[in-house]
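S.K.: For the record, the sequence lines run as chains A and B. Per this note's numbering, the very first residue in the first sequence carries number 1; after that it's consecutive. Per this note's numbering, the very first residue in the second sequence carries number 1; after that it's consecutive.
Be aware that one or more of the hints could be misleading.
Some but not every residue of chain B turned toward chain A, in silico, with C-beta under 10 Å [said to hold, decoys possible]:
1. Thr21
2. Ser140
3. Gly143
4. Gly197
5. Glu230
6. Glu275
Counterexamples of contact, computed for chain B against chain A with all Cβ distances above 10 Å [said to hold, decoys possible]:
7. Asp44
8. Ile49
9. Leu52
10. Val54
11. Leu107
12. Thr120
13. Val167
14. Phe171
15. Pro255
16. Asp259
The set of hints was computed from the structure by calculation and includes no laboratory data. No residue lacks a Cβ here, since even glycine has one placed at the ideal position from N, Cα and C.
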Amino acid sequence: MTDAPDLALPPADSRRFRAAREPEWRQLEDILARAESGSLRKLSDEDLLALPILYRGALSSLSVARETSLDLELVNYLEALCARAYFFVYGVRTRAGSRIKDFFAHDWPVAVQGLWKETLASLLLMIVGALAGYVLVQSDPVWFDSFVPTELASGRDFSANAETLRETLYHDEGADGLSVFATMLFTHNSQVAMLCFALGFAFGVPTAMLIVHNGSMLGAFMALFESRGLGFEMGGWLIIHGSTELFAIVLAGAAGFKIGWSVVFPGEMTRIAAAARSGRSAAIVMGGVVVMLLVAGLLEGFGRQLVTGDATRYAIGLAMITLWIGYFYIPRGARHG
Amino acid sequence: MAEFAAVNRRALTGRRRSLVTPEGVDLHLSLAEFGQRAGAFMIDLVAMILALVVFSILCLILVASLGMQSVEIGAIIWLLGFFLLRNFYFILFEMGPRAATFGKRMLGLRVVARGGDRLTADRVIARNLMREIEFYLPLSFLGYNVAEGSAGGWTALAGLLWTGLFVIFPFFNQDRLRIGDLLAGTWVVNVPKRKLGIDRLQQESRAESFAFTEAQLDVYGIYELQTLEEVLRNDHPDTIATVAATIRHKIGAAPDGFDRDFLVAYYDAARGRMERGLLFGKRREDKFDRTEFRPGGGG
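Work out the full structure: start from the sequences and follow the hints.
M.R.: Written as structure tokens, this is what we have:
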């Protein structure tokens with residue numbers, strides 16, 4: 001306290017205190033208003049140097065006011081001002097570029113590594129779904145309609161002959177709507193992936209259902225093309241983008257399971273703390289899943305239309321999955337050495 | 001910590017949470033109320049719809065000016081724009097320096113990490129991806145039913161229940177967390193841009209014409225004093241008359257007609273006496289608080 005209260009004075013101590021400090025509070029308010037309305041570039045060097053000093057001054061004023069002043073208005077004002085200044089002074093201000101670099105170099109692969117158990121479970125569920133779809137449709141084609149919605153099948157069902165089906169593998173959707181189709185697939189798949197993540201909160205059950213359903217659709221399609229002797233060609237059509245897309249969906253499912261698991265079995269932590277911890281690491285994975293689905297959309301829209309050789313399609317698809325696995329699971333040192 | 005010893009009653013009740021800065025001062029953050037959260041969300045929703053309309057018109061203009069062969073490009077831009085708006089409106093805004101969307105800014109709210117950690121991108125992503133099940137899923141479900149014209153009683157009821165579950169979720173925890181906040185470890189707090197009002201003490205008052213005895217000034221505590229301050233700031237004639245009558249009755253002063261002047265004078269005198277008491281370590285929280293109080297032992 002700079003101005004020690006004089007006890008001989010009438011009840012003016014807190015008034016004098018306020019009059020002495022108010023210009024500084026106003027200055028801090030002014031700097032904050034400019035900083036919040038735009039970018040840091042609006043602040044002069046003097047402002048930037050003054051900010052921490054003014055902030056600490058306001059904090060000290062708040063402490064003094066709480067102890068000595070009964071002016072509610074003053075205390076409320078200082079609390080709001082200090083909170084605003086605190087979040088500005090201690091807020092994160094890393095540049096977007098370095099943040100993105102950190103994400104790809106470290107945060108994302110490490111988060112994916114942390115989910116390896118859930119990823120295996122998710123993969124297993126998808127394979128189980130695919131096998132179920134395949135076996136059921138092969139035993140009785142009637143099952144096909146219950147696995148694959150008619151809009152999605154768009155003519156690719158058991159009433160079609162082998163020639164039409166072969167056409168769809170090499171010239172699907174026509175050259176016109178090609179990139180629009182790719183965009184639609186990307187946005188749709190991303191939405192499904194995010195749903196997989198969010199539904200994990202319901203103990204992971206809806207996530208598991210979505211993954212199995214996705215797998216069963218895949219299995220049903222395989223059974224259809226296999227029955228027309230197009231199994232190998234279908235594989236090439238699928239793998240060129242599917243290796244990336246299905247991996248992304250498996251990861252989204254894994255992120256959902258991670259959340260569901262920690263809500264059901266929080267371990268040593270409280271349920272809320274456990275949910276918050278797994279929610280954050282799962283969110284990092286999801287940020288990357290959207291990137292993967294973008295890559296898958298590009299491969300599907302462009303790669304698949306331009307590359308029609310089966311062998312090349314297999315090569316690209318397998319190369320992609322090798323790349324992803326290498327990128328995620330090669331061990332990394334701790335951040336910053 | 002000395003700071004905690006003096007924390008007054010107000011700070012510990014209601015929706016206030018402790019956040020101690022590295023300088024050792026507790027900021028007593030106040031959590032946003034449900035109404036504020038809902039209001040901010042409505043504003044954001046309107047902003048998103050407006051943005052979508054403007055964006056769609058821009059796409060149409062683009063297609064119209066480039067000719068029919070550009071329909072494809074227009075469609076791609078629109079699809080991607082819609083996707084970005086839907087999923088990243090909240091995320092991008094909350095990752096900015098204000099950590100608040102447009103609606104939250106208007107209502108003086110911001111997102112903070114629980115317990116004073118830094119608000120990192122993963123928290124922002126987690127809390128906003130959960131909107132997928134809290135809002136978008138029931139919405140698309142409803143839209144699907146309407147479009148199909150098959151809004152069957154049971155499916156509609158299931159959708160309503162699902163949405164209702166998430167809407168009422170904030171009422172069932174103390175911190176007013178929605179599922180997204182719970183999962184991301186975040187709070188939404190009030191950080192209003194407050195203007196400093198005039199100090200009641202600085203106004204001219206006719207204090208000379210009122211003289212109070214120490215006993216009269218010691219009737220009330222801090223809580224009553226600050227309630228009186230609010231009454232004076234709001235300045236409703238009816239309330240002032242009622243409060244003046246109550247205080248006069250309590251301290252045994254005769255009515256003289258100048259209610260507001262009487263209250264200002266009483267506030268000034270009582271606050272001066274209590275603030276002097278504070279310097280001697282006397283803090284009387286309200287009129288029932290007799291622990292530290294010795295009648296006549298003040299200044």
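S.K.: Each of the hints needs a verdict: does it hold here or not?
M.R.: Evaluated hints:
no.: 1; hint: Thr21; verdict: holds (5 Å)
no.: 2; hint: Ser140; verdict: holds (9 Å)
no.: 3; hint: Gly143; verdict: violated (14 Å)
no.: 4; hint: Gly197; verdict: holds (5 Å)
no.: 5; hint: Glu230; verdict: holds (7 Å)
no.: 6; hint: Glu275; verdict: holds (6 Å)
no.: 7; hint: Asp44; verdict: holds (18 Å)
no.: 8; hint: Ile49; verdict: holds (18 Å)
no.: 9; hint: Leu52; verdict: holds (14 Å)
no.: 10; hint: Val54; verdict: holds (20 Å)
no.: 11; hint: Leu107; verdict: holds (14 Å)
no.: 12; hint: Thr120; verdict: violated (7 Å)
no.: 13; hint: Val167; verdict: holds (15 Å)
no.: 14; hint: Phe171; verdict: holds (16 Å)
no.: 15; hint: Pro255; verdict: holds (25 Å)
no.: 16; hint: Asp259; verdict: holds (21 Å)
The structure fails hints 3 and 12 (numbered hints given earlier, in ascending order).
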